[in-house]
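Model the placement of chain U on the given structure of chain X, informed by the hints.
Protein sequences appear in the order of chains X and U.
Be aware that the first sequence starts at 1, since it is given in my numbering, and climbs by one per residue.
Be aware that the second sequence starts at 1, since it is given in my numbering, and climbs by one per residue.
Please keep in mind that the hints were generated in silico from the structure rather than gathered at the bench.
Every value quoted in this text rests on a predicted model; they were computed, and no experiment measured them.
A virtual CB, placed ideally from N, CA and C, is assigned to each residue, including glycine.
A portion of the hints provided could be inaccurate.
Stated by the list, open to error - Facing chain U, a subset of chain X residues (Cβ under 10 Å, in silico): (1) I86; (2) T302; (3) N333; (4) Y338.
Protein chains: 2
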Amino acid sequence: MDNLKTFEILKKSKKSNARVGRIYTPHGVIDTPNFVAVGTNGTIKALDSKIVEEIGLQLMFCNTYHLLLQPTARIIKKAGGIHKFINRNMPIITDSGGFQVFSLAYGSVASELKSNGSKKADGAVLKITADGVIFRSYIDGNRVFLTPETSVQAQKDIGADIIIPFDELPPYHMKEEALKKSLERTHIWEKRSLDYHLKNRQNQKMYAVIHGGINLDFRKQSCEFLSKLDFDGFAIGGSVGKNKQEMLEMLTFTMNHLPKEKPNHLLGIGDISSLDRCIPLGIDTFDSSYPTKAARHGCALTKSKNILKIKKSENILKFEPIEKDCNCYTCKNYSLSYLHHLYKAKELSFYTLLSIHNLHFMVNYMKDVREKILNDEI
Amino acid sequence: MDNLKTFEILKKSKKSNARVGRIYTPHGVIDTPNFVAVGTNGTIKALDSKIVEEIGLQLMFCNTYHLLLQPTARIIKKAGGIHKFINRNMPIITDSGGFQVFSLAYGSVASELKSNGSKKADGAVLKITADGVIFRSYIDGNRVFLTPETSVQAQKDIGADIIIPFDELPPYHMKEEALKKSLERTHIWEKRSLDYHLKNRQNQKMYAVIHGGINLDFRKQSCEFLSKLDFDGFAIGGSVGKNKQEMLEMLTFTMNHLPKEKPNHLLGIGDISSLDRCIPLGIDTFDSSYPTKAARHGCALTKSKNILKIKKSENILKFEPIEKDCNCYTCKNYSLSYLHHLYKAKELSFYTLLSIHNLHFMVNYMKDVREKILNDEI
Numbered sequence: 001m002d003n004l005k006t007f008e009i010l011k012k013s014k015k016s017n018a019r020v021g022r023i024y025t026p027h028g029v030i031d032t033p034n035f036v037a038v039g040t041n042g043t044i045k046a047l048d049s050k051i052v053e054e055i056g057l058q059l060m061f062c063n064t065y066h067l068l069l070q071p072t073a074r075i076i077k078k079a080g081g082i083h084k085f086i087n088r089n090m091p092i093i094t095d096s097g098g099f100q101v102f103s104l105a106y107g108s109v110a111s112e113l114k115s116n117g118s119k120k121a122d123g124a125v126l127k128i129t130a131d132g133v134i135f136r137s138y139i140d141g142n143r144v145f146l147t148p149e150t151s152v153q154a155q156k157d158i159g160a161d162i163i164i165p166f167d168e169l170p171p172y173h174m175k176e177e178a179l180k181k182s183l184e185r186t187h188i189w190e191k192r193s194l195d196y197h198l199k200n201r202q203n204q205k206m207y208a209v210i211h212g213g214i215n216l217d218f219r220k221q222s223c224e225f226l227s228k229l230d231f232d233g234f235a236i237g238g239s240v241g242k243n244k245q246e247m248l249e250m251l252t253f254t255m256n257h258l259p260k261e262k263p264n265h266l267l268g269i270g271d272i273s274s275l276d277r278c279i280p281l282g283i284d285t286f287d288s289s290y291p292t293k294a295a296r297h298g299c300a301l302t303k304s305k306n307i308l309k310i311k312k313s314e315n316i317l318k319f320e321p322i323e324k325d326c327n328c329y330t331c332k333n334y335s336l337s338y339l340h341h342l343y344k345a346k347e348l349s350f351y352t353l354l355s356i357h358n359l360h361f362m363v364n365y366m367k368d369v370r371e372k373i374l375n376d377e378i
Numbered sequence: 001m002d003n004l005k006t007f008e009i010l011k012k013s014k015k016s017n018a019r020v021g022r023i024y025t026p027h028g029v030i031d032t033p034n035f036v037a038v039g040t041n042g043t044i045k046a047l048d049s050k051i052v053e054e055i056g057l058q059l060m061f062c063n064t065y066h067l068l069l070q071p072t073a074r075i076i077k078k079a080g081g082i083h084k085f086i087n088r089n090m091p092i093i094t095d096s097g098g099f100q101v102f103s104l105a106y107g108s109v110a111s112e113l114k115s116n117g118s119k120k121a122d123g124a125v126l127k128i129t130a131d132g133v134i135f136r137s138y139i140d141g142n143r144v145f146l147t148p149e150t151s152v153q154a155q156k157d158i159g160a161d162i163i164i165p166f167d168e169l170p171p172y173h174m175k176e177e178a179l180k181k182s183l184e185r186t187h188i189w190e191k192r193s194l195d196y197h198l199k200n201r202q203n204q205k206m207y208a209v210i211h212g213g214i215n216l217d218f219r220k221q222s223c224e225f226l227s228k229l230d231f232d233g234f235a236i237g238g239s240v241g242k243n244k245q246e247m248l249e250m251l252t253f254t255m256n257h258l259p260k261e262k263p264n265h266l267l268g269i270g271d272i273s274s275l276d277r278c279i280p281l282g283i284d285t286f287d288s289s290y291p292t293k294a295a296r297h298g299c300a301l302t303k304s305k306n307i308l309k310i311k312k313s314e315n316i317l318k319f320e321p322i323e324k325d326c327n328c329y330t331c332k333n334y335s336l337s338y339l340h341h342l343y344k345a346k347e348l349s350f351y352t353l354l355s356i357h358n359l360h361f362m363v364n365y366m367k368d369v370r371e372k373i374l375n376d377e378i
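Chain X on its own, in the form it takes in the complex (with noise of 0.2 Å):
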């Protein structure tokens, strides 16, 4: 493995902007285009890390906002690290813990963007100066002062492959004005992130975040001020838009502003509808807890598409797996019948084992993906 390499092209299509590629980190390479399961809490809820290694999962996203009030950076930096305290030996990004913070400071506004997986944000946000944010923990009361420099050395203590300047997130509609204040504030911060990262290097890469919300102007100016500093690769941040056409737009046209040799990401979007849009415009990864929230909900993953209701009664008869040709775990040791009657009982076991199956679906349909680039078929 080639650790001063951060990034490689292997394939473009010639059908779309669709690229296969290869990030390069110290715990591994993620082949891209990737899906990116979300640990907020160090962990893909109710799976343990040696079976999410097992899935395949290449690249897992942690929510700096969580574990910086639980367990503390400190904790995980005195266990060696985040890999060392979940025992993960391959790639983790984690975000910069503005996302939860101002979702907590513009309320519900927040929950149109997109949903953040997370129910416990019921702290309170005290103020927002130029340097960051004060925040009380949900956790203890304490005060938290989240700033460019904090959020960043939070993320160093924490040690994942991959971290993310500290930014704000502004609401869908805010008015335009507005918008372009905190889109100046974004950008100063972070610069001032990207300038604590590089003063403090440890061996992991930093990704800007795009903002402008669906104003295209924005949009633009932000890939132009970011990509012009020493990012590794971009992630495309706030409001995308409030239904996917919005979305497909303000996606198609900032991917033309973003530099090509770099890998880039979209945050909290990864439903397959959405992918399969996403990934001609040339898209790397995706996070989202879309799969394994999906299973807690009952609903399975299947190749066609659809999606398999646990619950439906009919299911109890049926005493193949839920996909006959899936080779996950689950499919080859249970079947529909007892996984419906597991859900029905609301057995613990139920909701393990159908988040492997849909995380197996995940790694094995952005295989396909890639498949289906390298052949020019997307």
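Showing chain U alone in chain X's frame:
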């Protein structure tokens, strides 16, 4: 494996009545003395069958009452029996359903006896007759008539390796005259269960249930009546007393009146302190939901016999496993610090990981017990 042989005693201790033996079943051997984990709904809580097999748990206890109502004995039979339904290739024992039904009938009094590991029993007993019990299903409100014959037929459809005759569970405070009547009825029901079982043999063993509460005369009568019948083994059921002293007096007495050449089982008792006192009496198997329930409450079993409370804040700094010399999956892969974090974050993976440790502990504890008996140390 010799299916004709039911049980053999390999060693009798010189120090006590403890013995090491082997129970033979169509799904493999059970080394005795042994601990039997409870998987009420056909799954040990937070674990799946393959993990439980890997841990080496030789006998699993399922509850006919719960399985009868959901997914129903009909569905399990259609699936090819409980082993195929839950994908377990090791021995299973089912009870008659009587325990849960009479817990409903006698309400909170039953909770004096022992906790049955389920809070679901919010159905209602409609009628107790000479033939059995009519109750309402908590799943769909349907009337269910449980009799010696329907209970045994359900257990034949479910298809466990060891089954239990239908019995009445009198509450601890039942007066002598009523207890006497209950015992007579239980004996009639058990005889009817056995007759039905023998007429419909299908490679299952049936253990009688010795009753009589803490009345030693009644226990003696129960032993004498039931040991004359063609049962394959004996379970000790009913009230075992309001404290350990009462239980031990009753068990010491009862064990002296049971045939030594057949295996015996103590129903619903499995904490370490009880095991330590009951094994020297010659009891072979013990079922309990204690280790998995303790896990869900954050209590880890340890070799020092002290409970380690995961939630204690000092554990966040313990980057070593629960027990350094434990070779369970959890201790091999995760630190006490990480487990503490998962517990505080209420992550489902915590319940799985600690249940693995506790069940692994029990399996090893019993291996050690057998070793000690072989060396006349117990």
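Hint check:
Taking 10 Å as the C-beta contact cut-off toward chain U, the hint placing I86 (chain X) at the interface holds, the least distance being around 6 Å. Annotation: T302 (chain X) was flagged as interfacial toward chain U, and the flag is violated, the nearest CB pair being 21 Å apart, outside 10 Å. Because the beta carbon of N333 (chain X) sits about 5 Å from the nearest beta carbon in chain U, less than 10 Å, this interface hint is met. This hint holds: Y338 (chain X) has a C-beta 6 Å from the nearest C-beta of chain U, less than the 10 Å allowed.
Violated hint: 2 only; the structure is consistent with all others.
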